[in-house]
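Asks: Listed below are the residues making up each chain.
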Amino acid sequence: MIDLRLDRVSKKYRIRQETEIDGTRHGPIHKLRRLWRQSHEFWALRDVTFEVERGEALGIIGHNGAGKSTILKLLANITTPSSGEITINGHLSALIEVGSGFHPELTGRENIYLSGSILGMSRGEITRKLESIVEFAGISEFIDTPVKRYSSGMYVRLGFSIAAHLEPDILLLDEVLAVGDAAFQTKCLKRIKQLERAGTTIVFISHDLYSVKRLCDRVLLLDRGRIIASGDPGEVIKTYRHTSRITESKSDNGLSFPNPNPDPGLQFEVEQVDVLDREGRLKHELRTGDYVRFRIVWRAKEYLEDGGVELGIYSENEVPLIRYSNQPISGFDIAFKPGLNAVDLEFQQFPLAAGEYHLSVGLSRPMIAWLHRNDNFAAFSVSQGKIFKGEYLLDSDYSVMAVPHRWSQDIEQLEGNS
Amino acid sequence: MSENISTEELNDPAPRQQKVIRRISFSPLRLFADLTELIQYRDLIVTLSVHRLRVRYKQSLLGVSWALLQPLSLMVIYTLIFSRVAKMPSDNLPYTVFAFAGLLPWIYFQSVLVNATNSLVSHSNLITKVYFPREILPLTYVIAALFDFLIASTILIAMMLYYRVPLTPNVFYAFPVVVVLTLFACSMAFLLSASQVWFRDIGVAVPLLLQIWLFATPVVYPLSAISALPRKVQSIYILNPMVGIIEDFRRVVVRGMPPDFYLFNISALVAIAILPVAYIYFKRAVATAADII
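Residue numbers (my numbering), protein chains in the order written: chain A, 11 to 428; chain B, 17 to 309.
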């Protein structure tokens, strides 16, 4: 049974570029004509057609600007397509952008009713689920205080908790797994799995390739508004890696990775990742056991008091081997200043064996929301390095981790040894 | 929807509601589907209206009395200007009662227009994140204004008692008059709020529009005063639906007369004809509002 069908759906936006027009010399007609010509059309989606079966979990991936958020908005009926049809069988709820609809003067309880009814729950339903919502969000002491007094963490947890108590036929998910601490995220994942087991159809639109691989039965790859691949998650993700043409930087300077899909419209965006040595110079080769500094350079259009920067290194099988962020993982505070920012992530002895790896980057408001993510930022290889004393040089096919260790033998430990 | 029904669907214990999203058009057939959907969201309409009222009265010092202050203060000002200074005739009524009876429905209309115009833009955070029938936003302002109207009407009753103005059974005609007023106010709310999304200067023009409209309607002067105008102008004048509404409200409530059916019919016709047009325009204009709001 088909729960969701997109039939030749296209979406066009008109982008207007404003340029300086000499006001004195030209009359109003001339100005209007100039303005019209400046605007051009941008097709966010082109002839997109696919179906989702009942109970299926479909993932949609693609780099920024491929059309993922447009599909999200269309499925949630926040906007309408320029052509084509979307057929939805059942009630669809989107677990995205939480905390919308909250009014700061009202208490948590009042906002649960307000937000819940905006999301489509009846008053009776909300009353029934009230206790569970409060408990899930972990704010029982503050339920009767105005939400303007909540910390931003409490705010998003409450918003997410309300949305998590929806029982839709079809669930629409995006990068929500940035909300809250590890315990909260586990709760959310459990809830999503619960819905999945109950037969809820799921559409997961995300950058997080690892989660997509784990949660989804099938994956679609979007590129510039069209579906270019569809099928088994592992296969499609591999196609994504290859089509992105992420190759090692051929620059003679060394290992330097610029953003492969820059989007100047973003408020916050990672621009470059450089691989540096102890003196701060670009490395030409990264070997197992090397001292290395990953310098992440990003652009911020506004000041952000507590910002999160994440760097991830994945194996070819999408396993996140190293995925650290200054916050909330490592406990190092960074403030984002307007303009370019940089931070170094340092490893005294790079712990990965020789092999091919992918780099991911992310900027966030720690435990609240992702600001920029790119799981397909760069590909690089690590070459063999002599880190251990034995003859056999480590290779990631054999053992990925190259961690300092020690063998020792104490004969006295064995009982009954003469 | 050309697929054949499968056996699965035949055995489906809980057949699901189907929704089709496509590029919005002017089809009147959608009207029925839209209204059905609106009824499904009735819980939200109630919740948002209650919320709007609660927030307004929670935040303000004067609270409920704000609903009374506006018509009262305007009445005082207009009495001073038009009755004391200009010696305006007032249909054989004390000018204060005359003015208040006209101001009451006018302020209802005015507050709908002023508040509803920006209702979509001010809730852009909701519109870009969640789906619900967008007309609910301007409608909650209509409901809030109606609530204020009902509260302020208690003052009118009090004034009528004080000035010994008799209440006749004709007052029950006030009900259809207020219904027509509400329908017309809804149409204006739809037209203005949808236009404001695309042309932000609408919001600036509305207070000016209302100021002119006020004097083109017999609120502070009696309808009889327009007989001084040439006939051609008079016939255009009464096309203003607010003319029939205000005049008839005053006639049935404080003058104890039956309504002027000719004027009422004009107002009702205009209101009923505009409403579906305004609604369809609203739905069309707002379908892609999230793209530019």
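Treat the hints as calculated values from the structure; they're not laboratory data.
Using N, Cα and C, we set each Cβ at its ideal position, and we do this for glycine too.
A few of these clues could be false.
[To be verified] Derived Cβ-Cβ restraints for the label pairs, each shown as a range:
#, chain 1, residue 1, chain 2, residue 2, range
1, B, K74, A, R236, 47 to 53 Å
2, A, S161, B, R72, 26 to 32 Å
3, A, E145, B, G219, 50 to 56 Å
4, A, Q358, B, K74, 56 to 62 Å
5, B, S140, A, R236, 26 to 32 Å
6, B, F215, A, S150, 45 to 51 Å
7, A, D154, B, R58, 23 to 29 Å
8, B, Q227, A, T155, 39 to 45 Å
[To be verified] Which bits of chain A does chain B cover? Going by a derived footprint, with three or more residues having C-beta under 8 Å, they are:
#, stretch
9, 75–87
10, 123–134
Asks: Evaluate each hint against the coordinates.
Replies: Status of the hints after comparison with the structure:
1. B:K74 / A:R236: 47 to 53 Å: Given range 47 to 53 Å: holds, Cβ gap about 51 Å.
2. A:S161 / B:R72: 26 to 32 Å: 27 Å, holds
3. A:E145 / B:G219: 50 to 56 Å: Check failed, 43 Å falls outside 50 to 56 Å.
4. A:Q358 / B:K74: 56 to 62 Å: 58 Å, holds
5. B:S140 / A:R236: 26 to 32 Å: The hinted range 26 to 32 Å holds for S140 of chain B and R236 of chain A, with Cβ atoms some 30 Å apart.
6. B:F215 / A:S150: 45 to 51 Å: 47 Å, holds
7. A:D154 / B:R58: 23 to 29 Å: 27 Å, holds
8. B:Q227 / A:T155: 39 to 45 Å: 43 Å, holds
9. 75–87: Holds, because 4 residues of the stretch 75–87 of chain A bring their Cβ atoms closer than 8 Å to Cβ atoms of chain B.
10. 123–134: holds (count 8)
Checked against the numbered hints given earlier, the structure breaks only hint 3 and satisfies all the rest.
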